Each structure stands twice: as structure tokens, then as C-alpha cells.
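So the protein lines, in turn, are chains Z and D.
Sequential numbering from 1 applies to the first sequence in our numbering.
Sequential numbering from 1 applies to the second sequence in our numbering.
What the hints contain is simulated information worked out from the structure, not anything from laboratory work.
Accuracy of the hints is not assured; some may be wrong.
[Unchecked claim] From chain D, some residues computed to sit far from chain Z (all C-beta separations above 10 Å):
1) 15
2) 32
3) 33
4) 45
5) 55
6) 60
7) 90
8) 128
9) 251
10) 329
11) 333
12) 347
13) 357
14) 382
15) 386
[Stated by the list, open to error] DSBU-like cross-link-like pairs, simulated, lysine-lysine; straight-line CA separation at most 30 Å:
16) D:339 with Z:43
17) D:263 with Z:119
18) D:243 with D:43
19) D:339 with Z:275
20) D:387 with D:357
21) D:358 with D:339
22) D:240 with Z:19
23) D:20 with Z:357
24) D:358 with Z:20
25) Z:275 with D:387
26) D:358 with D:43
27) Z:339 with D:43
28) D:119 with Z:351
29) Z:387 with D:387
30) D:119 with Z:339
31) D:357 with D:19
[Said to hold, decoys possible] Chain D side only, calculated, beta carbon under 7 Å to chain Z, not exhaustive:
32) 82
33) 161
34) 304
35) 389
This structure is a prediction, so every number in the text was calculated from the model and none was measured.
Virtual Cβ for every residue (Gly too), placed ideally from N, Cα, C.
Protein chains: 2
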Amino acid sequence: MAPLTCMGFKACGLAAGIKKNGSLDLGLLVSDRPARVAAVFTKNRVQAAPVRLDRERVKSGMVRAVVVNAGNANCANGRQGMLAARAMTAAAARLLGVADDQVLAASTGVIGAPFPIEKVTAAMPSLVEKLDQGGIPDLARAIMTTDTRSKTGVREGQAAGVFYRIVALAKGAGMIRPDMATMLCFICTDADLAGTDLQMALNRSVDGSFNRITIDGDTSTNDTVILMANGASGARIDSKNEKEAFQRLLDDLCMDLSRQMVKDGEGVTKVVDLKVRGARCDADARAIADTIAHSPLVKTAFFGEDANWGRIIAAAGRAGVFLDPDRLDLHFDDVQMVKTGTGCGPEAEEKATGVLKKPEFSVTLDLNLGTGTAGMLTCDFSLDYVKINADYRS
Amino acid sequence: MAPLTCMGFKACGLAAGIKKNGSLDLGLLVSDRPARVAAVFTKNRVQAAPVRLDRERVKSGMVRAVVVNAGNANCANGRQGMLAARAMTAAAARLLGVADDQVLAASTGVIGAPFPIEKVTAAMPSLVEKLDQGGIPDLARAIMTTDTRSKTGVREGQAAGVFYRIVALAKGAGMIRPDMATMLCFICTDADLAGTDLQMALNRSVDGSFNRITIDGDTSTNDTVILMANGASGARIDSKNEKEAFQRLLDDLCMDLSRQMVKDGEGVTKVVDLKVRGARCDADARAIADTIAHSPLVKTAFFGEDANWGRIIAAAGRAGVFLDPDRLDLHFDDVQMVKTGTGCGPEAEEKATGVLKKPEFSVTLDLNLGTGTAGMLTCDFSLDYVKINADYRS
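If we strip away everything but chain Z, and leave its shape as in the complex, we get:
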């Protein structure tokens, strides 16, 4: 894999004392020149102060930096929360010598705890001091909450013979649900793209990746994906072919990070590639995939390595869209468990139980009604998920 660096970008992370356990919790990502920006935010009606601030600031289309903390979501803190988000970016802006509104903010952690802005401003000089081309791994660690591993990726492309790179880092292990921009993800590229191309590319990639994964069905108040393009490589993306190539790289990178997130989902022991096909339309397939992917009974059966296909078709049946129970086919990997609505018997069941013992497998439900399809990356529901979330704040 190419190194996690991107021309014209510096990053860093340090421990500012926001997390109780003393690990990295404050980070900074800076472009040495103004960068075009595209962003996708949570659709939750309750939005953290930094999300509300960023929504305004990305409208200019250009930014220089993102300052981010873990350990406190700065959400539901009223007027004090918004003042803190502004103060956090102002402290960084002053030291970087840029305008306040060129700095974005992001926070992740507990909702509703007063934001320790004094810790953030006190740590800011050391943070700026630490900025380094090789600082992206530290930044990735500084945004972790219940994540057990940091999540990063890099892709390389070229446009008219000039190489460019896209580097991404993300966090997210709970409060993950499709159809809402998910978790925190920061992507930087040294390619040069028009602002509208950048936003369009990001929307497409997010829709095909972060919007197709689920861990627990909850949606954060802080979800943010920011893509910055500073053009430092000199690679200009403007032809149709170049745009398509960039899109493929970005799609692949976002899917890579999505998979990393599900694998590291809270308490996850199984990663399940769920496919629904043969629906009357894609929207029907999506509704069914969504219902199966979030069913506690299906997810606990995955955890128990139990090929309990009855729960899968029962979940499909309550998705609110038409299906004919007598036409359903179901496979675990390539083992057919259900044919035209009826179980395939003990031998198939035994083989399927073998499939479920693997850490990753696919489940394919065919409605045999039409050409609608949908895919979703989901996971099991384990004892550890409950333990992690029952004890999160203690």
C-alpha cells in the first residue's frame, strides 16, 4: 500500500485529556493552500454544534483545515456548544494564520456532556506544532471512540500522466445506519477538481458505501464526511475519463473504509454481505435488505451461528413491500437453504451451519418477482455489543 501521505496536507493527533483513558483525542488536518471542499452530514434532526457550524462554512467551497476531537460529541449543549465549536476553530485558525471560517470542526463521543473547550484551546499550540506530512495515522487514532482499530486507506491515480493520491481516514463502530451520512470520515486528495465535480463524486461514493452498511441501526448526531482537494499534485481531473477514474478510486476507497467499519463494529463477530434480488424494483429490494439487516432476531442468530432462515424470511415479510412467500429462494454463500418458500432439508442446513461458522459470508434472498436488487453490509448482534453499550459512559 502507498504511504498515508498526500501532497500539501499535514496532520497530527495528541492527547488533550478529553478522553478519560488518556489516549489521543484531538487532531488536525491542514492543507498548505486553500482546498476545494465537499461534504455530507447526518440527516438526524438533532445535530451537534460542529455539524451546524460546518454546514454554513462549506458553502464557500474552500477551506484550509479541520480540527476534530473524540471523547465528547459537543451535541445538545445549547448556546455553549456552538460557542465552543467556534472557539475550537478560532484557536486553530489563529495559530495557522488563516481566517476562522476556513477551519471546519468535528466532534465525536458522548452526547450532552458539557464540552471541555479549555482543554482543547490549551492543547492547540502543541497540536499545531505537531503537524506533519506523516501525521495521518495519528489523526486516525485521535478520532477513535469504541473503535478497536484505526481505519485508513489510500488510492493512487493519474491524470494526463500526473500522479495523484486520495487518502482517507474514518471512525465509527456504533450508531451506524444506512441512508444517512455515517460516522466521521476525512478524505484528502492532491488532485485538482471543480467544486461541483467534487461534491457529485462524494455523493455517489457515500451512497454506494457508507450508506450501505449497518451495525446497529442508530444514526449519530455528528456524522460527517469531508473531502478536501488541494490540487498540490498538479493532476487536473476534468475530462470524462479522468472523472470516471477518480470516481472509481473514491468508490473503492469508501467501500474499503466501510468494510473496515463493519468488521470493527461494536462486538461484531460476523460480517454479512446481504443481497436481495428479484424484487419488483430496487426500492423494494432496499426496504427488505434494510429490514433483514436490522432484525435483532436475524442478527442474534448470526451470532449463534444458527442458519435460522425462518427469521430471515419473517423479516422480509414485514418490510412493508410485496413479496410472494412461495417464490422465495435463499442462499448462505452458495448453499441453497430455501427453494420456492420451503426449506431444503437437513443436509442443506448442515452445510449452511458450516458457512455461518466463517467470519464473513453472504446471504442472498431472491424474490423471483422482477429485477430489483439491493446490497447491504451488515453484522451480527453479540453479547459484547450489549456489554459495550450498557457500560459506554461508566
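Dock chain D against the given chain Z, drawing on the hints supplied.
Relative to chain Z, chain D alone:
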């Protein structure tokens, strides 16, 4: 409490060997004369064979008996499943000396396992032999699956000086979700009501009780509520006042059984009376209550006795309806935790943690926007829920 008997009804339960553990698994409820019938069935598109059979048979408006088994849902068994459901009722009908289509069937248990019809028919003579006025408690035990306690209730009323009784029994501890007829419930009354009055009363009571509870958000393929009225007491319900009195008794009885179900929900340690008010309309309030009640993060926090109100307002925010985060008030019982969108501080938090240590408490979210309200009875998500459902079939 009045005894669990109802004039003109007999019931019983026995062990037919369908459940692996040898406990009661086959039951019968019989009226000694034709009874008017009302019924509500699952809205799942995948429906068990007995549900499909009963839907046809209740159209006549009169039935004599219900035969029910636990340990096998007789669902997704194709043509064999429907033949088995018919055979089950035919065996009972022959011994009872009534027409086949006067007998309803209900099944609960594993989906997709071949139905052991030979065990049912072999046990039928003994079953009919055991029919007894005092047999309702045995019938209630015979329909249990993961239930740890049988669920029954009785109410008494009078019409024009004549006493009547309503007796109900139910099962259900998982695959419970509102807005779909829920679980199995059989209700018998010796009052005399017109068929349309009976169905209307049942619809209202189900909507206010079984459709307002949730355990895990999954909906069964077998959910069935059957209400039989045989008029054996001679109490005739036809005036407006009498109908209203009957409705109140039926509402109260259904709510009683609903609460018994949530309390006995799989792995439940906390019963939570969730109230949403101040929404723009009742439908908005319902959408928010539904989202909070099913949030795994909220439910695991209840299990952890953690007053993590941030997760509750985050769930409210993703319900897809309008709310103003800065107007939200939240109470745990009478302890205010959130005022106009902001936490009430450590003292309130400490008091709220005290509330969460209780086995039953209320959570009230006020949107302060309008007069829309909704209530839901929900529960926590515990380690035992995962254990029970990971191991269900093994």
C-alpha cells in the same frame, strides 16, 4: 381475581411431544355452542399455514373451537404445511362432532421445520378427553415458547343485571412489534354480541394494547388474536352503555396481557413506559416513540441503568419527522434530565440513575410543538436477550 372459567367454554392442554423438552405443547379451546368470532392476524407478508386457513374460516362469523400447538410454527412448509393445518383441525372436528370449517388452528415455534402432524393427530383423542371448564390454565401453558410464565386474565361485567365474563390467555416473549397484530391470544366471553360489534371492539382493544408494545421489533408470521363470544351467560350487549362497558373491560384485559408480555419479554430486566407528547400530531409522536422504543443503543443503556439521554434524543432526531432540538424536554419518571434541549446537570443525572435502577419506570419526551401524543410499552436489551436468541434452535 375471578376464576379462569367462562360459561360454555372448555379447554385443555397436554404434551404431544412436539417440544423437545416434553412440556405441554398442544391445546384446545371449545365452545359448547356456536360462538361469534372476531380475529386479528399478523400483517407480515409471510404467513403461517394456520393463519391462512383461519383467515378464510372466520369469514363465516361463527366457530366452535381453536386447536393450537407450540414448538413448531407450521410456516414456510409449502403445500405440506397447509395440508397439516387442515388435518389438525379435521382431527379435532371429527372428535368434537362439528364441521371442519368450524375449527380454527394456531401454531407457534420454529419457522420452516416440517410439521409433525402425526404427533398432533395421535394426541387428539386424549386432548378432547381432557377438555374441562377449568382447563384454561393448562391451555395457557401449552402455547408457551420462550415465555417463562403463562399469561392469563379475567374481567367481569354485567348487562341488564346479568353477569358475564371475559377470559383471555396469551403467549409472546419475542418477535413482538407494534402496528401488527401480535403473538397468540385467545379471548372468550359468555356475553352475547353482534358480530360487527365484536370485531370493532377487538380492533380497538388490540390497537390500544398489543399494538403499543415492543420487545425486539420483529413481527411473527403467526400472530393471531381470536375473540369468541358464545352468549352462554345470557348477557346481551346491545345498548351504547353496555357496549362501552364491554369495550373498557376488553381494553383493560388486553392491556393487562400486554404488560405481562413485556415483563416476560426475552431477557427483559426493565419495563419502560415511553410517552411522547407535544408533537405536531399523533402520527409524529408515534413515529418518534417507535424509533426510540426500537433503538438498540437506547435499550442497551436501559439495561446498563445508564441515564444516557443523548441516545434518546438522537433516536428521536432520526425518526423522520420534524422536531426542534432546542425545545426538547425529557423526564425519567418525575426527574427532569433535559430542559429546552440541554442537560440539567450532574444532580439531575444522579437522580435519574436512581430511577433507572427500578424494574419499571417512565420516560417522557416533550417536543413542545403541539398536542400530538403517543405511548408505548418497551423494555431493555440485555445479555440474556442475545443468549436466548443465539441459542433458540439448539
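Going down the list of hints, with the structure as the test:
no., hint, result
1, 15, "23 Å, holds"
2, 32, "36 Å, holds"
3, 33, "36 Å, holds"
4, 45, "4 Å, violated"
5, 55, "14 Å, holds"
6, 60, "25 Å, holds"
7, 90, "22 Å, holds"
8, 128, "30 Å, holds"
9, 251, "26 Å, holds"
10, 329, "12 Å, holds"
11, 333, "19 Å, holds"
12, 347, "14 Å, holds"
13, 357, "13 Å, holds"
14, 382, "7 Å, violated"
15, 386, "5 Å, violated"
16, D:339 with Z:43, "23 Å, holds"
17, D:263 with Z:119, "45 Å, violated"
18, D:243 with D:43, "27 Å, holds"
19, D:339 with Z:275, "44 Å, violated"
20, D:387 with D:357, "22 Å, holds"
21, D:358 with D:339, "23 Å, holds"
22, D:240 with Z:19, "64 Å, violated"
23, D:20 with Z:357, "25 Å, holds"
24, D:358 with Z:20, "28 Å, holds"
25, Z:275 with D:387, "27 Å, holds"
26, D:358 with D:43, "34 Å, violated"
27, Z:339 with D:43, "23 Å, holds"
28, D:119 with Z:351, "28 Å, holds"
29, Z:387 with D:387, "12 Å, holds"
30, D:119 with Z:339, "26 Å, holds"
31, D:357 with D:19, "36 Å, violated"
32, 82, "11 Å, violated"
33, 161, "46 Å, violated"
34, 304, "3 Å, holds"
35, 389, "4 Å, holds"
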